[in-house]
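J.: The chain contents come next:
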Amino acid sequence: MKSPAFAYARPASLGEVFTLLKTHGDGAKLLAGGQSLLATLNLRLSAPDILIDITALPGLSGISVGKDTVRIGALTTHREIEHSGDIAKYLPLLAQAVPHVAHVAIRNVGTFGGSIAMADPAAEYPAVCVALDAQFVIAGAKGERRVAAREFFKGMYETALQPGEVLVAGEFKIAATGYRAAFLELARRHGDYAIVGLAAQADCSGGKYSDVSLAFLGAGGEPVLARTTAAALEGKAFGPDTIALAQNTLAKDLDPPADLYSSSATKLHLARVITGRALAALAAAAT
Amino acid sequence: MSHDIETTITLNGKPVTRRVAPRTHLIDFLRDEMGLTGSHVGCEHGVCGACTIRLDGKIVRGCLTLAVQANGRSVDTIEGLSDSGELAAIQKAFHERNALQCGFCTPGMLMAAQDLLLHKPDASREEIREHISGNYCRCTGYQAIVDAIEIVLKQNKAKVTG
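So the protein lines, in turn, are chains A and B.
So for the first sequence, numbering that gives the first Met the number 0 puts the first residue at 0; every next one is plus one.
So for the second sequence, numbering that gives the first Met the number 0 puts the first residue at 0; every next one is plus one.
Don't take each hint at face value.
[As the list claims (entries may be wrong)] Pairs of lysine to aspartate or glutamate residues, derived as EDC-like cross-links and limited to a Cα-Cα distance of at most 16 Å, are as follows:
{"id": "1", "chain 1": "B", "residue 1": "91", "chain 2": "B", "residue 2": "125"}
{"id": "2", "chain 1": "A", "residue 1": "1", "chain 2": "B", "residue 2": "55"}
{"id": "3", "chain 1": "B", "residue 1": "153", "chain 2": "B", "residue 2": "125"}
{"id": "4", "chain 1": "A", "residue 1": "235", "chain 2": "A", "residue 2": "210"}
{"id": "5", "chain 1": "B", "residue 1": "57", "chain 2": "A", "residue 2": "81"}
{"id": "6", "chain 1": "A", "residue 1": "66", "chain 2": "A", "residue 2": "85"}
{"id": "7", "chain 1": "A", "residue 1": "28", "chain 2": "A", "residue 2": "157"}
{"id": "8", "chain 1": "A", "residue 1": "88", "chain 2": "A", "residue 2": "67"}
{"id": "9", "chain 1": "A", "residue 1": "172", "chain 2": "A", "residue 2": "202"}
{"id": "10", "chain 1": "A", "residue 1": "172", "chain 2": "A", "residue 2": "132"}
{"id": "11", "chain 1": "B", "residue 1": "119", "chain 2": "A", "residue 2": "81"}
{"id": "12", "chain 1": "A", "residue 1": "1", "chain 2": "B", "residue 2": "129"}
{"id": "13", "chain 1": "B", "residue 1": "57", "chain 2": "B", "residue 2": "31"}
{"id": "14", "chain 1": "B", "residue 1": "119", "chain 2": "B", "residue 2": "129"}
{"id": "15", "chain 1": "B", "residue 1": "57", "chain 2": "A", "residue 2": "79"}
[Said to hold, decoys possible] A partial selection of chain A residues facing chain B, derived with a Cβ cut-off under 10 Å:
{"id": "16", "residue": "41"}
{"id": "17", "residue": "101"}
{"id": "18", "residue": "190"}
Since the hints were derived computationally from the structure, they do not count as laboratory data.
Heads up, the beta-carbon is just placed ideally off N, CA and C, and yes, glycines get one too.
Produce the complete structure using the sequences and hints provided.
T.: The structure is reproduced here in structure tokens:
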């Protein structure tokens, strides 16, 4: 199908974006890579009056490494993240996740900020950001504010972004030595949306897990942080008993909604399977 | 409200300027306005890969790109790459390995294959499969396509080392 008609603007400054957002209100949608937005327009799931193409805005693209943090501009493409030596070095969880995002032709165009603002419950980046306790930088006409990823995702396609605001970057703390990361997902075909996936990070020094973060995708309306399971893993030594403990605890954190192909019970089972694999991968990476 | 926008694109090396409606997909602009019907329109929501083209040297979905987004940028299609001879080796390998039946996916598949040949000269069969995973073929079962790409990768390597 073709999208319904809309107007198009490509402003050169954030100030112009805020003015356009104010003028058009709910009728406006921001266009970055457009790899989800244009598909929803073609399917006529959405019919905005105007698309505001933000790709000409200066300073919203690229990856910069500070003393303790990595900042990823909203317009940074998946492909740039995939090929970044800094991401591989400082944010290995994100580096492991990015090949799972769609396909090359889509990763060439789709953006970090677009994926976060879209907040698809089966998308990879939101879960990674929740696992890593990232912060999002949000700009509005009155200035900038920061929202923790763990507060940002409010439900299916719902976020803490207010009308008139633009997501401009994500900021990640660089993990200390000893931390390991594992990203796993199960999909029907490569590049398809995951049935269920897991972004995991833990301090794996000394042969045991501590400060564990387990964020699941495809397991709810937003990324689900398995807090009870993470607490149960605190200080536990690597090994099959610890993996079994985590798998047996998981139902306290997850009650995944069924989708077209998988029942809730199937999804919970698959979540246990990838939890086992992720914990084994974390241990293997540490030894 | 949604007036046409003047758009200039370097298309297969030559500048073209047209007024286009914002909602026009780049793939429809290429096919309907410019008569370049080599790139196909399949699913129109980014899944099948039949509309794969190059934008500023990178492969993209023609159905998930607006023509107005290509303003000031370069676009290369199967026609341009075919005429320049860039695809000659992979086209020959597709022919020899019978890597197409109905041919609907082939232009997009060749664009994706050439992208791999340029950027991953050491790709394994698994990496070939990963790279073309966004291009659906409903006829061949992919085996012959992977064979054809692998043959050209080997030829290219032999050229470098030989």
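J.: Each of the hints needs a verdict: does it hold here or not?
T.: Here is how each hint holds up against the structure:
| no. | hint | result |
| --- | --- | --- |
| 1 | 91(B) to 125(B) | violated, 22 Å |
| 2 | 1(A) to 55(B) | violated, 24 Å |
| 3 | 153(B) to 125(B) | holds, 15 Å |
| 4 | 235(A) to 210(A) | holds, 11 Å |
| 5 | 57(B) to 81(A) | holds, 15 Å |
| 6 | 66(A) to 85(A) | holds, 13 Å |
| 7 | 28(A) to 157(A) | holds, 14 Å |
| 8 | 88(A) to 67(A) | holds, 13 Å |
| 9 | 172(A) to 202(A) | holds, 14 Å |
| 10 | 172(A) to 132(A) | holds, 8 Å |
| 11 | 119(B) to 81(A) | holds, 14 Å |
| 12 | 1(A) to 129(B) | violated, 29 Å |
| 13 | 57(B) to 31(B) | violated, 22 Å |
| 14 | 119(B) to 129(B) | holds, 12 Å |
| 15 | 57(B) to 79(A) | holds, 12 Å |
| 16 | 41 | holds, 5 Å |
| 17 | 101 | holds, 7 Å |
| 18 | 190 | holds, 5 Å |
Hint violations for this structure: numbers 1, 2, 12 and 13, all remaining hints satisfied.
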